[in-house]
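Novice: One letter stands for each residue in the lines below.
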Amino acid sequence: MKRLGRIVALVTLVVFMLSLVLVFSPSEKAFSSAGGTKKIVFWHITTDAVGKQMIQNQVNRFLKAHPDFKVEVVPLQNDSFKTKLKIAMGSNQAPDVFVTWGGGPFFEYVRAGKVKDITAYMNEKNYKSRFVDAAFGPITYNNKIWAVPVEGAGVALVWYNKEIFKKYNLKVPTTYDEFLNIVKVLKSKGITPITLANKTKWPGCFWYWNLVNKLGGASAFEKAAERTGGSFADEPFVKAGQMLQDLVKMGAFPKGFNGLDWDTGQSRMLLYSGKAAMELMGTWQIPIVKAEKKEFYEKNLDFFPFPSIKGGKGDPTSLVGMASSNYYAVTTTCKYPKEAFNMIQYLIDDQAVKERINYGQIPPVKGLKFTDPMLQKVYDVISKAKSIQLWWDQYLPPQLAETHKDIVQSLFGLTITPKAAAEKMEKAAKEYFKK
Amino acid sequence: MQRDKASKLMQNLGILLFLAPALILIGVYIIWPIIMSFDLSMYEWDGVSPRKLYLGFKNWIDLIHDSIFWHAFGNNIKFIFLSIIIEMPIAILIAVMLDRGGKKFDAFKSLFYLPMLMSSVAIGVLFKYIYDPSFGLLAGILNFLHLDFLNQDWLGDPNVAFYSVVAVICWQYIPFYMIFFIAAISNIPHELYEAARIDGATQGQYFWKIELPLLAPSIKTACILSLIGSLKYFDLIYVMTEGGPSNATELMATYMYKNAFASFKMGYGSTIASAMFIIITTAGILAYFATKKKEA
Numbered sequence: 278m279k280r281l282g283r284i285v286a287l288v289t290l291v292v293f294m295l296s297l298v299l300v301f302s303p304s305e306k307a308f309s310s311a312g313g314t315k316k317i318v319f320w321h322i323t324t325d326a327v328g329k330q331m332i333q334n335q336v337n338r339f340l341k342a343h344p345d346f347k348v349e350v351v352p353l354q355n356d357s358f359k360t361k362l363k364i365a366m367g368s369n370q371a372p373d374v375f376v377t378w379g380g381g382p383f384f385e386y387v388r389a390g391k392v393k394d395i396t397a398y399m400n401e402k403n404y405k406s407r408f409v410d411a412a413f414g415p416i417t418y419n420n421k422i423w424a425v426p427v428e429g430a431g432v433a434l435v436w437y438n439k440e441i442f443k444k445y446n447l448k449v450p451t452t453y454d455e456f457l458n459i460v461k462v463l464k465s466k467g468i469t470p471i472t473l474a475n476k477t478k479w480p481g482c483f484w485y486w487n488l489v490n491k492l493g494g495a496s497a498f499e500k501a502a503e504r505t506g507g508s509f510a511d512e513p514f515v516k517a518g519q520m521l522q523d524l525v526k527m528g529a530f531p532k533g534f535n536g537l538d539w540d541t542g543q544s545r546m547l548l549y550s551g552k553a554a555m556e557l558m559g560t561w562q563i564p565i566v567k568a569e570k571k572e573f574y575e576k577n578l579d580f581f582p583f584p585s586i587k588g589g590k591g592d593p594t595s596l597v598g599m600a601s602s603n604y605y606a607v608t609t610t611c612k613y614p615k616e617a618f619n620m621i622q623y624l625i626d627d628q629a630v631k632e633r634i635n636y637g638q639i640p641p642v643k644g645l646k647f648t649d650p651m652l653q654k655v656y657d658v659i660s661k662a663k664s665i666q667l668w669w670d671q672y673l674p675p676q677l678a679e680t681h682k683d684i685v686q687s688l689f690g691l692t693i694t695p696k697a698a699a700e701k702m703e704k705a706a707k708e709y710f711k712k
Numbered sequence: 488m489q490r491d492k493a494s495k496l497m498q499n500l501g502i503l504l505f506l507a508p509a510l511i512l513i514g515v516y517i518i519w520p521i522i523m524s525f526d527l528s529m530y531e532w533d534g535v536s537p538r539k540l541y542l543g544f545k546n547w548i549d550l551i552h553d554s555i556f557w558h559a560f561g562n563n564i565k566f567i568f569l570s571i572i573i574e575m576p577i578a579i580l581i582a583v584m585l586d587r588g589g590k591k592f593d594a595f596k597s598l599f600y601l602p603m604l605m606s607s608v609a610i611g612v613l614f615k616y617i618y619d620p621s622f623g624l625l626a627g628i629l630n631f632l633h634l635d636f637l638n639q640d641w642l643g644d645p646n647v648a649f650y651s652v653v654a655v656i657c658w659q660y661i662p663f664y665m666i667f668f669i670a671a672i673s674n675i676p677h678e679l680y681e682a683a684r685i686d687g688a689t690q691g692q693y694f695w696k697i698e699l700p701l702l703a704p705s706i707k708t709a710c711i712l713s714l715i716g717s718l719k720y721f722d723l724i725y726v727m728t729e730g731g732p733s734n735a736t737e738l739m740a741t742y743m744y745k746n747a748f749a750s751f752k753m754g755y756g757s758t759i760a761s762a763m764f765i766i767i768t769t770a771g772i773l774a775y776f777a778t779k780k781k782e783a
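Residue numbers (our numbering), protein chains in the order written: chain Y, 278 to 712; chain B, 488 to 783.
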């Protein structure tokens, strides 16, 4: 017994010493930098297996051309990425290259002097002209370009199950009245008309934003958000809230939608199982459905743009979203900005464009052709669009965006009236902008 | 005499030397951040830019008028109450039953302890699926038992969501208190049980007259632990509902997190954190003295 005690003590001591050695030895980074001496840390949010590998391959091509470099590629989950980036930026441990959606939260970093101005790089050999013009909106600030458009267009479209539409003889709607009729028919057949997972709030907001866009046109939101003669309490905002609550009361959405989580696929399960017929979601739905349920993608999935509303001011072709969904920016703390920019170029060079189309994305690059009819169709819808209204939660300053998302979730939960919701948002905007 | 003093000094030095690492760690990682939070609560700061705007006590005044914060605080209080009245009796019951079972039930001790070994995030994701009103396990069970009318919009209905989340948290923490009480019960001298049996006491009498009174100090400690834990609870709620829908499951900690990290209001977030520090410390001290008095 005594000997056993001694052995345990000895083992403990050895473990303790070993851990000390590990703690005080040079970090892992130093160990693995054998390949190159110069290092770029790169954060992105493509976490599915196919997409992750695709990005790694693109980075590998950069490494082949720059053998003196080493790239630490860090894929992160969407929501935790936001927090992690914030902490890293605040504590001066920012990555060299990071993914962004542009707009309000991104400009916070730009204003804080954390993001490198890459206008000069973009103008070099007119590299800029490679991309569609609409892609630059969310990353242009003070007439300077702060990030490279890389990942595919992301606009909200209504995805639907072709089989269900065929079975009940339903036609793709062009007006909101036709759309409401479809909802009624589906409801009477015992199918949940629209699937929705609204725990994270933005999926539900898509409905509100599209309704406001079609009711009041793109200018309604912009005037209110820019405080140039518009108000969030204006009629389109109240009306949109009303129409949204009408949908909820009709039972258009699945049970418990405010508690379902889009990230873990709880809304798509309803779509795949045929229990629900439609979902208003971004075009990133394509690679996701392709990866999760290929058969469903090939046989059942199709989409239509958000229907126009009778008497609404919005252009029928107008969309909500952005011409490129993910951008890549270089931080000011990056030691090799030129090479970091070059690495981003590898993510969207001709080979990368091919890979991305294969993956199911529509790269924000001019003059594309697609073999997949679905992608071609999305590309046509986007190129025809007279305006693309940026996601409000990216357009608005973060603080207002959070308030807005909370308000819309309450609208969905029927715990606030449309009028009170609109007024609450206007009050918050007034307080924030002090006008 | 002189030598005594010297050795005493040496001894004190020794104590200090051995305490130093802990003191330094506590200072750097606990005390200093607390001071920093209080300092930050005086500023308007987005968390990233080098500029900070001094506001004085404006954040604190805003906090006092912030209805969502008080709503969250109310939820915390409700949460304390519910977790104590749900967790304690069940934990005691299981502990007593396992104790009566003796060695035969040792396997159950480990089995019942399982929830405590899982990370809160994993539990949160798991229960999100269990609560799914269309595909979830719970809906499935209710359906099987023909109790469909009992099926609720577990996480999406503001009136139900709070209780759904509390149920999961209780499920997670009961094992902790169970082990706590098992340890306490095993400290009760066996002779008492034998004496009671000789006097003809029933199992019930033994429990009410002997075990429960002797467990009282442990129950008090457990309640304080639960109280403090409930005041600062965060992870599972954040994973399951993010404080929603419509703030129905908002706690002080989730509200603090949202302000600091989602809304870029680091200053206001720090104000909430500091307020939580004051509230929790006060509650802890009050609870400590309240229970101490009774023991005396």
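In case anyone wonders, no lab produced these hints; they're calculated from the structure. It cannot be assumed that every hint is accurate.
What the hints assert, rightly or not - If the Cβ cut is set under 8 Å, some of the chain Y residues that face chain B in the computed set are:
#, residue
1, Lys363
2, Asn535
3, Thr694
4, Pro695
Given the structure is predicted, the values throughout are model-derived calculations rather than measurements. A virtual CB, placed ideally from N, CA and C, is assigned to each residue, including glycine.
Novice: Next step is simple, just say for each hint if it's right about the structure.
Specialist: Each hint tested on the structure:
Interface restraint check for Lys363 of chain Y: the shortest CB-CB distance to chain B comes to about 6 Å, inside 8 Å, so the restraint holds. Annotation: interface hint on Asn535 of chain Y holds; nearest CB of chain B at approximately 4 Å, less than 8 Å. The closest approach between the C-beta of Thr694 of chain Y and any C-beta of chain B is roughly 13 Å, which is over the 8 Å cut-off, so the hint fails. At its closest, the beta carbon of Pro695 of chain Y sits 15 Å from a beta carbon of chain B; the interface hint therefore is violated under the 8 Å criterion.
The structure is inconsistent with the numbered hints 3, 4, although it conforms to all the rest.
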